[in-house]
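Protein sequences appear in the order of chains A and B.
Per my numbering, residue 1 is the first one in the first sequence, and the count goes up by one each step.
Per my numbering, residue 165 is the first one in the second sequence, and the count goes up by one each step.
Just so you know, the hints here were simulated from the structure itself, not pulled from any lab data.
Check before you lean on any hint, since a few could be wrong.
To be verified - In silico SDA-like cross-links for lysine to any residue, where the CA-CA straight-line distance does not exceed 20 Å:
no.: 1; chain 1: A; residue 1: 50; chain 2: B; residue 2: 660
no.: 2; chain 1: A; residue 1: 135; chain 2: A; residue 2: 59
no.: 3; chain 1: A; residue 1: 59; chain 2: B; residue 2: 631
no.: 4; chain 1: A; residue 1: 59; chain 2: B; residue 2: 646
no.: 5; chain 1: A; residue 1: 105; chain 2: B; residue 2: 646
Stated by the list, open to error - Coverage of chain A stretches by chain B, computed from C-beta distances (three or more under 8 Å per stretch; other residues unrestricted):
no.: 6; region: 7-19
no.: 7; region: 96-108
no.: 8; region: 127-139
For every residue, glycine included, the Cβ atom is placed at its ideal position computed from N, Cα and C.
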Amino acid sequence: MTTSGQNEKAMLLQQALTPDRICFLEAATKDRVLGDVIDLLAASSSVIDKDALRDAVFKREAVMSTGIGMGLAVPHVRMDSVGELVMAIGISRAGIDDYGSLDDKPVHLVFLIAAPSGAHVEYLRLLSAISSRAKALDGCLLDCSDADAFYALLVQTSGDSPSN
Amino acid sequence: MDFSHIPVLLLVGCVILAGSVGGRLFQLLRIPQVVGYIIMGVIVGKSGLHLIDDTMLDALLPLNLLALGIIGFLIGGELRGSVFRKHGRQFLIVLLAEGLTAALIAGGLTAGITYLATGDARTSVALGMILGSIASATAPAATVDVLWEYKTRGILTTTVLAIVALDDGLALVLYSIASSIASLLLGSGESSLAASLGHTGIEMGGAVLLGVGAGLMLNRLVRRIHDHGKHLTFIVGILTLVLGLSAMLELDVILAAMALGATLVNLAPHRSRETFQIAERFAQPIYVLFFVFVGARLVVHGLTGPMWALAAAYVLGRSAGKFLGAYWGARWAGASEAIRRYLGLCLFSQAGVAIGLAIMAGLRFGEQQLGAVNMGDAIVMIVTATTFLVQLVGPPCVKLAVTRAGECGLNVTEDDLLHSMNVGDVLDANAPAFPLYARVSDMMQQIADSDAMHYAVVDDASQQVLGVVTIDRLKQCLADMEMGTWLVADDLLEPLCESVAPETELADAVQRLRDAGLEAMPVVGHADQRYLGMLELRACEKLISREVWRRRRQADGMEAGA
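Chain B extracted, bound-state conformation:
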């Protein structure tokens, strides 16, 4: 069946839905959702059913760029000046250690295997240098998606974000050096080392300048316009402008978006928080699309025997280099135990930048032969095939690392907690309940020891709730204390309008309270409607705020101790 004529919107809709289903299935298996998106892509893509081909992928390339741009923008939003002032030296040492070690080990192993296979020292070193430089790159998207999915916060999370943000820059510099030296070694020196580095400098410097300029503009716009609904329009507008200009001027797209985010967060740390939240919400379907297409692009066929050996050497060398380099670097920089032990596990992912550099190398060294294989094709195939593997293994490793470091669930918002808890988790089971005939004077004595402000009035026999008496109504009796001796709960009760079961999701219950303009609702058993306790909006909000604060303090405590 020919799927090439499927309308783009239909394709996008199907991909987002299928990806979401895949992500959810993997979530249920406790595997990061990003793996589900990628697997869905693999199933429908070039290694699977071929429902998505190169033409479709090329047609949707701008969406990929947008996804990368949003990821870059959000990572930039994590790059606070205060964090860099505090941990900058540590980040730099760890970055250089993990990037260079991965480059050296992956490069050394691939060069060694190539030499054993071909006996050609120059070609072997050239290939090793190119693959080594590409090995230093880490894909931010899949890594960051796992951090967001598991709401992580702490020193490991901060370090991972900083390292993946800076890693692309390091990879670009290393590739510039490696490709120039490789050209000299192979005698195809079309450009000098200085020219190559100069080009990289322009690519990176231009991206930073563009991002900072756009960040200044976005800050002014967000400051002047108080309608948050319009902020999304400006964010998407400015971000798309930056991405489009970066692509047109051949600047580093992710770096430009990161500079935009970093500028905004450092100019307006508090005001921009909502801006980033808006972007994050908007980004979800684009992420799904992006990762499904990452999976759809992946191909493993085409590798011959010796190429498999090179691919294995590359992926093992790169993973070992990332892990050991991160450990050594963290140790040298005096970083905390969590960074030493777990940072390496967070750096396995490889995608866009690595494939991009591989394609550039493929074009540049397309004339060179590696035995019977074209060297350019070999580089592209090795990087693409290994990307397939690390994109599937990387996210679970990130999950393992942040879980072991105890950083999962520390970056929750009040909304996250409301959705993760049930009414039963927060109900006040000690809130006094009274029979209809309870005298107000007796009620006053009992409520003196309670924090609750709403009290259920229950039927003596069935324990079913008949209504609620509020502290406000009781207060009205204080003016004439004698009334308390002859008024009873029945005289003050508000008939029951709403009740809630303990299994109800807290977010739903709170929304019901707000919609009904109520301060509290009795919690009753699902089957027998018996009174179990009181859900009070005020107490619930206080508890949730306190829990968010506690988790943030815990995460910040980890950072302070690092």
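With the rest of the complex left out, here is chain A:
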């Protein structure tokens, strides 16, 4: 990945996420975790219909689990009742065992993304950005003590990446 590509991903993350949409989860089951992160995202003014968001997220999970392995889950939906690309993150230090991840390991980070139906390109780029960024940071994100630290680590550009 080029530096400009990494910067672009960081920009996308910054646009979609704010620190107040990052929370540490108490719940330990998939359904409750998803419910908590949906509530968090629905607080955003971009989400017009919370029930529609909930329905869409669970409908997508019914098609196939969004646990992509390495402790990550990326539930994502496109819908008309979302004004712009937005994201919320749930952090579970204990891990969610019943998420049905690709590698059958517990999920620790849940990145919930909601995008307007027409924002397809940005939506795919954000999915790609989360996947590559979270995997690049490996376990570092789980070590963050609070939401602000998590946010700062996730959205920082390549020049100040911890790996450099």
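Based on these hints, arrange chain B on the given structure of chain A.
Relative to the frame of chain A, chain B by itself:
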């Protein structure tokens, strides 16, 4: 009921509608539509219900002239110099053979019957010469209408167009010679042979000069004005001008229009293509009107016993002459099998020029007696009555000929094909369809073997289409190949907006795609909405273009082999 006060526009509207209905009915019976137009004319005309009389027909004469002019213009558009350079000798031999043989046989038979009836050798020969010369004419309009209706293309079509285009000229020359000799024989020689030929020369030469001059002017106008909408105005303007001047100066109207068309097509072969297409579209209702009036004019009553014998001899002699002459001429010229066997069948139609010459002969020989009958009236009645028959028999014969020669449907445009095909004919039934949970990585593997660029996403149980995934969306996942292992079809699909049934006419489906700005539409069963395949605009256009190209190649192959 008196119909003479019907407003002209109302009459024109009724005639066009009634003619179109008649044409469509005959099309459904697989008989050329032109026969339907003429029959409608016969029903409402002088041999039928008398709803249209001579006053109305005379009032609408300018429209007839316009129809003939457009037909001449479009035939001229087929007379490419390259075709004449290649087949000119062949055309000339066939023209002379079919025209002269028809004249000799029809003239000989009618002269023989007249001699048997009257015992007057001079009158018999004179009448035979006049009828023989008229028999050489072939009506281009009905013949060409059949060629256009069945979208024909090939060496037979090219030859028919050339022959019917040149036939009128031959008939005029033969009539000039025959009428002068007949005048000498009957002792009413009001003009010499040289004067008569000179008059014909002026009539034809003047028409050619006028047409060529107008063609040069139209070419300049069409070249300078790029708005195709305005081309129709100029075409109709120049053509009407040529027709009006021809009529005023007593020049050959059809020949002038042909010269106009031929000039244009040879000066700008490619650019003029659209000009002729515009004229053809504009001409359709005028054709209907023209042929309905041809039918309305036809009369068969008035023929007495011996006159029936003359009419039968004329029509049989003419048909045999056209058929045998075309065969001999084609054989002598080394023309292809299709021309030898089928050209004669395409030359039976007789109309405007023959009736026009008959009326001229009627006026010129009105003083002569043929037994108890006036010779002028006899000529007019024989030609009119036989026109009735050949106008009905001629078009089906043309259809038979071009069908047997394998030239039907080879001159199609992309638009014709779109209207003649259904979605089911072109849908890609092998375009992969995926369930909602199909992983993008698995989809990538499956589409590698497919030409399709749009893939339906279907409900597993009902097989109904839920949406479409495009190759563009899949490509966006290529940047991060790992995403393909956890993204599924559901993540990429565009919800279904449009679908189409396989029975839908392809033209309608393509128009819907274009209107909606879509590249593809899933094809679904009419009743159960199950997915059947994908209709892709790009693939459809490619297939149609290839089919048009294939048919043209096939037709051109026939010509090259001729």
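Structure-based check of each hint:
Distance restraint check for residue 50/A and residue 660/B: the Cα-Cα separation of roughly 24 Å exceeds the 20 Å cut-off, and the hinted pair is therefore not satisfied. Restraint check: the Cα-Cα separation between residue 135/A and residue 59/A comes to about 26 Å, which exceeds 20 Å; the hinted pair is violated. At roughly 16 Å between alpha-carbon atoms, residue 59/A and residue 631/B fall within 20 Å of each other, so this suggested pair holds. Pair hint residue 59/A plus residue 646/B does not hold up; C-alpha atoms about 23 Å apart against a cutoff of 20 Å.
For the hint pairing residue 105/A with residue 646/B, the CA-to-CA distance comes to about 18 Å; that is within 20 Å, so the pair holds. Interface restraint, the region 7-19 of chain A with chain B: violated (0 residues with C-beta to C-beta distance below 8 Å; minimum three). Check on the region 96-108 of chain A: 1 of its residues sit with their Cβ under 8 Å from a Cβ of chain B, so the three-residue criterion for coverage is violated. With 4 residues bearing a CB less than 8 Å from a CB of chain B, the region 127-139 of chain A meets the requirement of three and the coverage assertion stands.
Hint compliance for this structure: hints 1, 2, 4, 6 and 7 are broken, all remaining hints hold.
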